[in-house]
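Enquirer: Chains A and B, in that order, give the protein sequences.
818 is the number of the first residue of the first sequence in the working numbering; add one for each residue after it.
336 is the number of the first residue of the second sequence in the working numbering; add one for each residue after it.
Hint data in this document are derived by calculation from the structure and do not stem from the laboratory.
Check each hint, because a few of them may be wrong.
Said to hold, decoys possible - In silico DSS-like links for lysine-lysine, alpha-carbon gap of 30 Å or less:
hint: 1; chain 1: A; residue 1: K935; chain 2: B; residue 2: K628
hint: 2; chain 1: B; residue 1: K614; chain 2: A; residue 2: K961
hint: 3; chain 1: B; residue 1: K628; chain 2: B; residue 2: K475
hint: 4; chain 1: A; residue 1: K904; chain 2: A; residue 2: K961
hint: 5; chain 1: B; residue 1: K520; chain 2: A; residue 2: K981
hint: 6; chain 1: A; residue 1: K848; chain 2: B; residue 2: K520
hint: 7; chain 1: A; residue 1: K1061; chain 2: B; residue 2: K481
hint: 8; chain 1: B; residue 1: K614; chain 2: A; residue 2: K891
hint: 9; chain 1: A; residue 1: K1003; chain 2: A; residue 2: K935
hint: 10; chain 1: A; residue 1: K961; chain 2: B; residue 2: K345
hint: 11; chain 1: B; residue 1: K345; chain 2: A; residue 2: K981
hint: 12; chain 1: A; residue 1: K891; chain 2: A; residue 2: K903
hint: 13; chain 1: B; residue 1: K520; chain 2: A; residue 2: K1003
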Amino acid sequence: MSRIQDRFSELKAKNQKAFIAYAMAGYPSDKETISTVQGLVKGGADIIELGLPFSDPLADGPVIQNASFRALQKGMNFDRFVNLVKKIRMESNIPLVLMTYTNLVYSHGYDKFISTMKKAGIDGLILPDMAVEESDHYLDVVRKNNMDAIFLISPNTSEERIKKISKASSGFVYLVSVYGTTGAQKQFQQYTLDAIKNAKRILDGKIPLGVGFGVNNAEQAKLILQAGADAIIVASAFLRLIEKTPKTKIQSKIVTFAKSLKKATISE
Amino acid sequence: MKLEYPINGKFGEFGGRFIPETLFPAVEELEQAYLKFKDDEDFRQELDYYLREYAGRPTPLYLAKNLSEFVGGAKIYLKREDLLHGGAHKINNTLGQGLLAKRMKKKRIIAETGAGQHGVATAMACATLGLQSEVYMGYKDTQRQKLNVFRMKILGSAVHPVKEGTQTLKDAINEAIRDWITNVKTTYYLLGSAVGPHPYPVMVRDFQAVIGKEILSQMKGLEKKSPDSVVACVGGGSNAIGTFYPLIDEENTRMFGIEAGGEGIGTDHHSATLTAGSKGILHGMLTYLLQDKHGQIQDTHSIAAGLDYPGVGPEHSYLKDSKRVTYDTISDGDAIHAFLMLSKHEGIIPALESSHAVAYAMKLAKKMSKSETVVVTLSGRGDKDVEVVEKYLSKNVKNSR
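With the rest of the complex left out, here is chain B (with noise of 0.2 Å):
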């Protein structure tokens, strides 16, 4: 199956480069760079040390015992990408991609992020690595997480609030394109999700493959057989390709990727993209969108504002498609209850992405046997997101009484 795509730059139908003229000799530039350093040996060294010295991979597969028993089922691991500097998987892609910046000797990066967590990673991956960083970010985004736009700005980087369209993560990127437009020559665009025209979700899902490829070897050490099931969250779904794509060859592993059913999937208030959207063309892509019955993109809701995002990777577009992995949904109260419960019986709190993978391994968990395993992604940790519990549980205790 691997071996079948992407075929000039498509997964199937899905992919490809729908991009303004300008942006062309520059995705072809950064092809070849990617295509030049990735398998180069002193990339491969350095990118290792980075992530091994500064990022602290490898990452643990943790056995979340008493989760295990609460649920009464599978054993639930927890591969934990939360513990990663600066608390979730982006720092994988930003070190990966700072360091080809680096090598195609562009000094300025731009990036786009929803929640703040890929800004946050840019400005860390740039600040260690010399490079200067500006961030689009949504202004609604910049109103939510005010904290993270205060990391950015200690860390070195310019932060832009966008106020077009939505004010939220896709017109960040929109933005983003704008400004890669306007200064293409002196820019690298640091892009955060395995999303965009090609060559970014190969590229971002290669760097981010370190997660499963770690799954993997892990649970042979620990199980001595590859997991029964792995379940990862998807917004743009770059923790998830990295997750899965290492798996894809390991027949009996089921795959399950799960998407911010936010107040239900029957209601506006969601963004689940593959579990409700239809084929369409947004930031360079053809993918999966949820949008209007004349092609307008469409407003989208989660209580995790890094699953808040219209579109999909292409390369999940296939794999929904080919049917390897399936995709479900979970709604904002079910990832709360579920962020609720991992810090409780494990100490662990969770980002409330991570949290809707944690709810789903949790049902899941409890139809399978003792004797078998699901291994979760923990893409980040859910400091972040305290506050916003905090508000959740407070206007959900007063509607109930």
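Just chain A, with the same shape it has in the complex (with noise of 0.2 Å):
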């Protein structure tokens, strides 16, 4: 079992729900992605999802285009990623998962890449562009570094695609709420609680179903947990508050507001 998979079981013996936070590696500089780890995981983040940022981010929205944008200016690279997740590893077990684009990971080589980043302490890896049509090598070798690769489900995707999907899934699968990029959703419309009723249904409890892009409040997450989700995903939003916040004052506000999520994932 995947740190993951293990934070998946506790959860469910607890009664409760996960939720899964988003830092940007990098942004606004390494220093504060490392406070911003530390106030997500003392606000209650059961899984962390860390972005390694890339040029041409076309699944993003403009937050995330933006920060990605920064992170590299900044010189966020590989080997700096890596050290980044060895310090976060120094004071915390607590699930990492990776997000990038596929270009990332085959121009170093898929074997270099993921075994480099399961010694740093990686657990698991989300790439918004690699189709499962396209995923036999990297599969295989996620699997032998015993790590888990995580696919996302769009609202269109076909019941057998679902299928498929969750087959070459571990860890979870990432169901994405709406038709768009990521970025905040100022209410979601009724299509979206289909489409979690319609994956939990296909999923048969056989791996969780994170919902992620545009979940931006307490709120929101409660009624997308109320529709079956097994964790909520929440990117963005995080980002437009470090954004918007004095760099010392980053991670009590990190703190405040993970806390808030949290909340809504444990039932009253």
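Take the two lone chains, each set in its own frame, and fit them into one complex as the hints suggest.
Expert: Quick look at the structure:
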């Protein structure tokens, strides 16, 4: 069992859902990334998704695009990311999922990239532009390293494909909540809730269902969990908070916001 | 060779579908529609009608006698795609995809554009076919090509300047893909080059293959044989693949794809993806890319905005590795020289993109005998470029003083 799978089992035993929080490596700097992650852990995040920025993040909305651009300008790269993960691992045992685009993995070579990340302390990978049809070699390497490959599904993914994708995935399956890129949604529409129910039915308890893209506050988190999700994933909302907060106050603001989201995953 | 690919959307290891899951049903729907209609009699007839009566096909294969004499070698023929409606080969593809979108009952069309030629060709096709179009264009490109922005607006298209990233073609594609993800049910993405996820590289090639088919039959009429060499410029590579594909089985025909050498491939200022790049994944495809050692996509440069792209169509990557096509570069300066020579000797102002192919053809022809032939695909006309050339010349005259 991986750290991610263990975490879902523990939460299930406590009758809780998972709160997955995102941090962009190198945004606004390496140092603040560490304090962001510390804040997320203190605030009760169950799993951390750590973004490695790519120059052309085509599944992302303006907030993550901007953070990627700025992290890259400050020199975030493979080696610095690995160091960052090692530092986080020295103080925390929280499950860490790497989110990036396929080219960064491919251009290093799947073997080298993935085994280095495993050694540094990464538990799983999310690649939003990795289609399951293209994933044979990638999956072999991920499995050889005892890591989780987390694939995405969407509200328009067919039942047949959801089954195929869930078979390729481990850890959890990531449902993209909306037609759109990452970033805040004012209000979720009925189709999102229907997609959650539909995916839950098809996954049939075999693998947890995480829901992300646009989850912005505790109220939305509750709505999504009530529809049947096993985890909420919150990304852009944290980056927006970081952007408007003076550096010295980032951690305390993050703790407060994370607590409000974690609370939504605990049934009263 | 032709029969070997694409297999499952791949040209050897190149191509494929590296896309967000939301787009999967859309590319599958597109592939099914394309397979259904590409050999459909009604579709073929309607497309032929528009290509002939609206766009002006077939285009002449013109013997550039004066230029050939000036160079002193093989006969240089020009495939006159510059004479098409809109002034470039792009209309071959936009009419094809526009008609396909109509049959798929998609009323909203989005497109990306670099220099503006594909944007204009999209706006034209959509105006005549009764479709609504919106074009994404890098902010820098909207500033460099203001007239094309205005042309698109006159033709009824909305133009969205893209201020993300490097504000050029690749960012326009990113933004068009983001729009497509958001509006996937109602929107048709009319991609302008032989790039992107399967089936785009195959579909765009097939719509552009009319260029090579006409070259072959025209050469058989004029010279009683297939050309000894063909030359085309390569950015994304749609006019080149349209030129090469029908000639792939002509064993005696040598093929040359010419990339933008910019200020030299030893500098950071070029767009020579196949010549100087490495394999990677961008815009849904595995292909050669210009990227740094970490896999971040690099800024590119060319005096020809239409060649200014860090990727290339996956079929070109395959043709490079299989050595069927030779890929080489021409610098900004040599392209400008060819632009001036063709204008002076033949009264034809070529697009700066096509000028790269003309420059290479001149070098090639010089080394060949007078009984041999070189066909250059003149993918577009150069009216759009006179300002850029004027600036380049005044700067370089100053520098040489």
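Enquirer: Does each hint fit the structure? Answer for all of them.
Expert: We went through each hint and held it up to the structure:
no.: 1; hint: A/K935 <-> B/K628; in the structure: 21 Å, holds
no.: 2; hint: B/K614 <-> A/K961; in the structure: 24 Å, holds
no.: 3; hint: B/K628 <-> B/K475; in the structure: 26 Å, holds
no.: 4; hint: A/K904 <-> A/K961; in the structure: 24 Å, holds
no.: 5; hint: B/K520 <-> A/K981; in the structure: 23 Å, holds
no.: 6; hint: A/K848 <-> B/K520; in the structure: 42 Å, violated
no.: 7; hint: A/K1061 <-> B/K481; in the structure: 36 Å, violated
no.: 8; hint: B/K614 <-> A/K891; in the structure: 25 Å, holds
no.: 9; hint: A/K1003 <-> A/K935; in the structure: 37 Å, violated
no.: 10; hint: A/K961 <-> B/K345; in the structure: 26 Å, holds
no.: 11; hint: B/K345 <-> A/K981; in the structure: 21 Å, holds
no.: 12; hint: A/K891 <-> A/K903; in the structure: 19 Å, holds
no.: 13; hint: B/K520 <-> A/K1003; in the structure: 21 Å, holds
Hint violations for this structure: numbers 6, 7 and 9, all remaining hints satisfied.
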